[in-house]
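**Student:** Here the structure of chain Y is known, so what remains is to put chain C with the ligands in place on it, guided by the hints.
Top to bottom, those sequences are chains Y and C. Sequential numbering from 9 applies to the first sequence in our numbering. Sequential numbering from 54 applies to the second sequence in our numbering.
Quick caveat, the hints were computed from the structure, so don't treat them as lab data. As the structure is a prediction and not an experimental result, all values here were calculated from the model. Ideal Cβ placement from N, Cα and C applies to all residues, glycine included. Hints should not be assumed to be uniformly reliable.
Dumping the calculated BS3-like pairs for lysine-lysine here, alpha-carbon to alpha-carbon at most 27 Å [to be verified]:
(1) K140(Y) / K254(C)
(2) K254(C) / K117(Y)
(3) K111(Y) / K254(C)
Over the 10 Å line for every Cβ pair with chain Y, so calculated as not near, a few chain C residues [stated by the list, open to error]:
(4) G64
(5) V71
(6) F82
(7) I83
(8) Q97
(9) L164
(10) M272
(11) P295
(12) F311
Okay, here's what each chain looks like letter by letter:
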Amino acid sequence: MATITMDTLEKTYPGAAEPAVKGISLDIADGELIVLVGPSGCGKSTLLRMVAGLETITSGTLRIGERVVNRLEPADRDIAMVFQNYALYPHMTVYNNLAYGLKNRRFPKAEIERRVQEAARILEIDAFLGRKPRQLSGGQRQRVAMGRAIVREPAAFLFDEPLSNLDAKLRVQMRVEIRRLQRRLRTTSLYVTHDQLEALTLADRLVVLNAGQVEQIGTPSVVYDRPETLFVATFIGSPSMNLVPTDFVRSHANGHMPPLSDRADIIGIRPDSLLLAEPPEPATPLPATLELFEPAGDVSHLYLRLETLPEPLTARVQGRPSLEEGAPLTLWVRHGEFHPFEKETGRRVE
Amino acid sequence: MQTKRSTFPAGWLPYALVAPQLVITLIFFIWPAGQALVQSVQRQDPFGFRTTFVGLDNFSRLFADPLYMNALSVTFVFAVGTTLLSMSVALLFAVMVNKLIRSRDGYTTLLVWPYAVAPAIAGVLWWFIFNPTIGILPYILDMLGYDWNHRTSSTDAMILVIIAAAWKQISYNFIFFLAGLQSVPHSLIEAAAIDGASPMKRFWTIVFPLLSPITFFLMVINIVYAMFDTFGIIHATTQGGPAQATNILVFKVYMDGFIGQNIGYAAAQSVVLMAIVIVLTVIQFRYIERKVQY
Ligand SMILES: Nc1ncnc2c1ncn2[C@@H]1O[C@H](COP(=O)(O)OP(=O)(O)OP(=O)(O)O)[C@@H](O)[C@H]1O
Ligand SMILES: [Mg+2]
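Isolated chain Y (complex conformation) (with noise of 0.2 Å):
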């Protein structure tokens, strides 16, 4: 149990022109799960490896507890890392992968089996102890993962995209189990997906990050009602909000505007805040054609053609509503659903 605290975190690779990760600050309370989003290539594996120590640390602190672990072997940290493509050691049985960490810190014999058949008991994987990696299935392997992880009892878990290569089904099942599994044992975790679905169920916090910056840290429903900039707002959320420019809202509104910052230049509205007909609350009409009808089983997406605009907008509406694509139609934004953004530095104006 430990607390993770990173101070300017800064990671170049050697010969790499841009740092990969650019001076990242968090405080991880004990116990909360943290999940780090993001496009490929931001950076969210590199500041895990970072944490675990397997990647050096170019400036910056980082205490795990009140330690500073910057110079100490990954072995030294008291964390445990599951890794995207599990790692298991293909030699080995189940249970001695499970075992290997704890022979190596030298713990008793009766202790290590002890461990090592309570984690097996809370993962199911009893069963397999005595079978190779090559003989489980992904999801059982997924699990052994976990398992070699919570033998140790470390401080501290990183995942590292440990669901990515599930298939869907299987992934929802193993999600609610680690969300599961972890506020049962309470574990500091660092959690590192580009699934935003995984991001939002999972998260005690989510960190969203971008080009190796953090663009906002809150709580999964504070991340998607209020995004904090253009680029959260677009990232988190499927389909992604709609960004359209102030001026032509205005335009069309006949005055039934919300009062709006001066900066606010672009409007982002998410997909299920386009509504069919008017609302009993304040709300902003938006003249639009209907360009291509989607169901998508008990939801309908809708692409909307806003005359001068050159981009469609997204519509997701409940159930599969009866429109004829080329009909002219009426769209309505309640007030409180105005994501209001400044276009220059890309933030949330008010």
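**Tutor:** Below, chain C with the ligands without anything else, positioned relative to chain Y:
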């Protein structure tokens, strides 16, 4: 799984295509082997006028001959020594080169070169280096207080031939070990580091076991090499001496057959050698068929 195969109309073409290979195999391998088999049950008089059938007489004489027994044990020591030395040095080099990033290709190229040197030339090279009168190594050893003379000391002679034979094989083993090391996933090493294993421990408990298929393959290859491919080295350095100390089986065949003109006796020895090769090959194939062990 289904494999796609193209079929040729049965006719002369397939036979014509394999014919050159068959002819070469027949003339250079099967025929001499057959000759050896035939001669191993015959005895010729010293002038080659008369050949008599003697059954397994040559073989029973062989296994009763203390000189042959000596050659067997010398070969054993030589093969094991050469294999151990060349494989351990090659593994050490491969591990070190694998740690490099930018200069890796350069070192690899340099380390592969010795493989291109013919055994006899390698032998001459070592003959010069170790020459008790003019060689550089005995000179240095002398300063350290060791009196090197492979012409009188059987231990020195054995060390000399083992070094000379292993030297060339290091290149070959090195390439295989390096390829093997590069195929060990990096995340395994990282996982072991997090699991608290020291670099040494990581090597012996993770990397080395994962190399075991390659190690086994190389072991067989090296033993075969040491037993059958080192004639040139022995010939150029010790000539089997002193006092039979480095007289390995292949060299003894040559000495008895061509120098001693005891054709039947030498043929019986080559038949024994053939049997050893067959056993080693079977082991090799058996193992490779079963593929990786983990
Ligand atoms: N060993 C390395 N040497 C040099 N540059 C590297 C190295 N590893 C990563 N980088 C660079 O650092 C940046 C961040 O990489 P990183 O692996 O942290 O991205 P990521 O966010 O984990 O991406 P992904 O989602 O694709 O895994 C990238 O631009 C990458 O090219
Ligand atoms: Mg990554």
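**Student:** Going through the earlier hints one by one, which of them does the structure break, listed in rising order?
**Tutor:** none
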